[in-house]
Every structure is written in C-alpha cells, then in structure tokens.
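Protein sequences, first through last, are from chains A and B. When you number the first sequence by the numbering used here, it's gap-free, plus one each residue, and the end is 300. When you number the second sequence by the numbering used here, it's gap-free, plus one each residue, and the end is 300.
Rather than coming from a laboratory, the hints here were simulated on the basis of the structure. Don't be surprised by glycine CBs; every beta carbon is placed ideally from N, CA and C. Since no wrong hints were added, every one of them can be taken at face value.
Computed beta-carbon distance windows for the label pairs:
no., chain 1, residue 1, chain 2, residue 2, range
1, A, 70, B, 91, 40 to 46 Å
2, B, 244, A, 31, 43 to 49 Å
3, A, 245, B, 274, 51 to 57 Å
Short derived list, chain A residues pointing at chain B, Cβ under 7 Å:
no., residue
4, 28
5, 29
6, 30
7, 148
8, 151
9, 171
Using 20 Å as the maximum straight-line C-alpha spacing, the simulated DMTMM-like pairs for lysine to aspartate or glutamate come out as follows:
no., chain 1, residue 1, chain 2, residue 2
10, A, 160, B, 113
11, A, 205, A, 235
12, A, 160, B, 110
13, B, 203, B, 238
14, A, 94, A, 13
15, B, 203, B, 227
16, B, 160, A, 113
17, B, 203, B, 235
18, B, 205, B, 244
19, B, 160, A, 110
20, A, 160, A, 66
21, A, 294, A, 227
Number of protein chains: 2
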Amino acid sequence: MERILYYNGVFAPENSVSITPFNRGLLYGDGLFETMRAYSGRVFRFAQHLNRLAEGLQVLRIEPCPPAADIERAVYELLDRNKLSDASIRLTLFRGDGEGFEPQNDRASSLLISARQFGNYRAEDYAQGFRVHMVFMRRNLYSPLSRIKSINYLDNILGRFEARDNNAQEALFLNSNGWVAEGATANIFMLKNKTLITPPADAGILPGITRAAVLEIARSINREVQEQTFSPEELLRSDEAFLTNSLMEIMPLVMVDERPVGSGIPGPLTRALHQHYRELVEKELQQSI
Amino acid sequence: MERILYYNGVFAPENSVSITPFNRGLLYGDGLFETMRAYSGRVFRFAQHLNRLAEGLQVLRIEPCPPAADIERAVYELLDRNKLSDASIRLTLFRGDGEGFEPQNDRASSLLISARQFGNYRAEDYAQGFRVHMVFMRRNLYSPLSRIKSINYLDNILGRFEARDNNAQEALFLNSNGWVAEGATANIFMLKNKTLITPPADAGILPGITRAAVLEIARSINREVQEQTFSPEELLRSDEAFLTNSLMEIMPLVMVDERPVGSGIPGPLTRALHQHYRELVEKELQQSI
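Next up, chain A with everything else stripped away, as it sits in the complex (with noise of 0.2 Å):
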C-alpha cells in the first residue's frame, strides 16, 4: 500500500501529492514544523506541540493557520488511514504561496503532514550512550530563529554532518557566548552534585516538548532542578548527561569528542528518568483513551 499524505485538507497518496513551485518553503524556508509521536495511535504532549507551533508562527508573522481541532482531526485520521500506531509524525506548516521576498499576507498558509512507522532507538542506543561532537556552528543569540522550530535547519544538518565526520552520533552547538545549547535535534541536560541542569530558554535552544516533560518529571520526584547555562568544561566534569527529543526520549550522553562525561557511561538518573518518561506516557495515553 502506498503511504498517504495529507497537503490542505486533502488525504492522497504520496506520489500524487503536488506541491506548486511558489510554495515558500522551497524558495525562502518560509514556514515551521513539528515533529510528534504517536504510542498506541495516541500523540504524545499534541497541545503543546500546537502550542509551540503556535508561538512559532507568530514570530514568523504567519496567518492565518488552521484551527488546532483540525490539525489534530487531521493527524488522526491521517494515522488511521495509513495503520499506524506507533509512528512519528511531521506536520511542516507553510507561508502563504508567493515568489516575492516580502510576503502579501492575504494568502492562505499550506499544511503538509506525513507519518511514518517508528518503534524506539535500539536498546544498545541506550546502553552504551551517544558521543557527541562540539562543532564549529553556534547558535545565534540575536535571532528569533534560535527558540523556534522553522524549516530553516541547515546549521542542524551542516553540524550533524561534522557529527558524523567525527565519529559522533550527535553535534553539541554552544551558543554566541561559549555556553552549552543544544543538540542539532535534541536539548541537553548535565546532572552536578544531584542537580539536573539544563540550559535555559533563552540561551539559543528550540524549548523541547520532551524537555518540558523531564523538568516536570524530576521536580515530581524532588529532584533539584536549574535552568541556568553552563560551558563544554562544566559539562565534562559533570556526573552524568543526556539529550532529549521526541523520538529518542532520553537517551544518555557518554563523550564529548574523546572525552569522557562523568564516567563515561550511562547514569543512574538518566535511567531512571527514562523510566518515569516512559510511565509518563503510559499514564497519559490511558487517560486520553
């Protein structure tokens, strides 16, 4: 069966999904995205996905967008009528079509969604950690781009590839200043002396959907919690890491380039809060049956 797609209210097959050469993705990168997932046929946190969706548009000045009830009808209907049930989705919300470099703001914007199968990272991800590499790139400060999840994503993909060059499965971004900021698709979080630091909002990071999840989780269990910035040393010396996203959830962080974070092997908290992560999904799924 061919996959099928959904691209302005209408479901069809992959291959005869159209998209017209003035869409402003592909001549500017002029629109957002959201990548979700779905356990048992149920999305993860979709509020607050739309929420971020939501914030990101209106940095972009972009409207007007379809209703969030829709987006969601649409995300269901669209898992449904591919068999999906453990899946990740990508929803890419775009500007209005128009060639011209200022945008006229009387054009309806185009929402394209696609899912596909996904089950989790394999288990030896997890048991032996990711390295990452420290790349050239820094997140920019003076952008509004830096806290929003636009389809502006080259500096991601340029430092995945300088990830890969350097024998890592991820790329560690500083910020304009020198601090620690993120992942090229994941947050980060250090644990020092039994408290669970992440850099702040502000620091040039997207605010991750599954970051928020594991700042709820470890205050529920009376962890001491800081968003405050800290440097690539700090992070080294620290007595445990991990990244964060959608897809992997937690999964630990063991070298920085040939070094080793804390030990440099996964940390007891790290595991445990994939565990409560993980009954944290379990939970929300039951009561969103």
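Following the hints, position chain B against chain A.
Coordinates of chain B only, in the frame set by chain A:
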C-alpha cells in the same frame, strides 16, 4: 500567455509544474539560490553567479549539480520562451529529495528556474535614496550560512518586516561582533575621506556579485578601496553611503533610522559609480554578443 518555468530539464507553464512533498527545500530549506539580472537578453556576470552557487554547493555538500553550460542554456531558453529581454531570474538548486534529516547523497539535485520582466527601480528611489533600520538580528559569524545564498532566508524576511515597521526600505544587519555587515538583500559601502570602504567577506556577509563589480570599478578609476569592518557610528559619520545588489545596482543610503548618513542626501561618488556600473553593463553586453 501563461509564464513558463524550468524544472529539472522540462519547460512548462507555471501552473503545471509540480514539486514532490519530499523536496528538501520544503522540509529543511536545504538548497541555494541566485538572483540574476538580464539586460537586453544577456545575464550580467552569469559566470560569477554560477561560481558563487558552486561554492555554496560545496559548503552544503550538495552534489551532483548540473554543469554550468546546461544551466546557462536553460536560462537563455527560458528567457526566449517567455519573450523576456530585461528580466530578473531566479535559479534555485535543491539537494536531492529525501525526508530524513540526514540526506542520502545518491539522489540527484533539483533545479528550478523562473524569470520575470524587470526594468529598473524608480528614478525617484535613486534621487531620494533609501533609509535603513538597524534590526535586532545579527549575522552569525559562527555559521557558514552567513556567506552563502541558501534558502534559509527567514532572518532576512524578519529583518525586512522590522525595517518596514520602522518606515525604512531596507534592514541594516550588524554581525555578532557588532560591526556593520549588510542589508537583508544588499551589501553596503561607505565613503570616508575619499576611501571607499565595505565590510570584508569574512564579516558575516554574502559577497555580492554587484559588490565585486563595484570594487573593480572603484579600483579602475584609482579610487582607494578598503575591505574592512566599521561601526554603525562610523557609517553615520561617513561622507556618503550606498547599498548594492543585482536588481537595484547601486542605491544611495541616506538615513539610518532617524539619523542622516553624511549630509543625508545621495552623494556624488554614489552617482558616479552607478554611471560607471551602467557603462560596465553596457560594455560587457556588447562583448557578449
């Protein structure tokens, strides 16, 4: 007559060109573009535009790219088919299709070319000069994207919004170190004590084709030229200033926000250089026939 576009080897009416939803421009802004100007049916400095495109492809690791001769042929056939003589031409090159964040490099890149009638900016624009607004966003010295013309173009769009909000025609971007870099779609020059000064290529700028032509012209008339950084205050204290790009050529810059640049009116060197620029265009046009 409906306008004809070129897409991957085919000339077709614009409404019948169809792009797949897996084009990486749509998904990640993963591509490059060039905006060129044709005078009397000849593209000015075509080779330089194609060289810049090739440099961008190398930075993004996009390959293979169609040979320069094929691109040239396609552009001229497109002008013919649209009966265009004085035109602006946009060429967009996308990395090979693929949904995954990390690209598969065995897919061929895609090339989209469009052209439209373009005369000149209005005489009163040149007579009055442009006002710029110094925007919040800064060019990221820690990203190679600052020096290539990628379709990650949102900073420029947001900068232009901010400029329009402030009654200016163009944005003025500083770089992350606080030096003057460029406009949203233009390079910047100032004249100080008879020396023509423009930010160097490594100052977080896109090295413009028009910028290079202006440097050439200034040297050919024995004008002292420096590529060096300067501050917004130095710009205000300059004798005159101007903006350059392929479409507006050389546009006087007369105000930064509410403050005049030099005497606040278009300067004599700006006018003389524009005259020389048009002569250069004419000369190269003659040679190319």
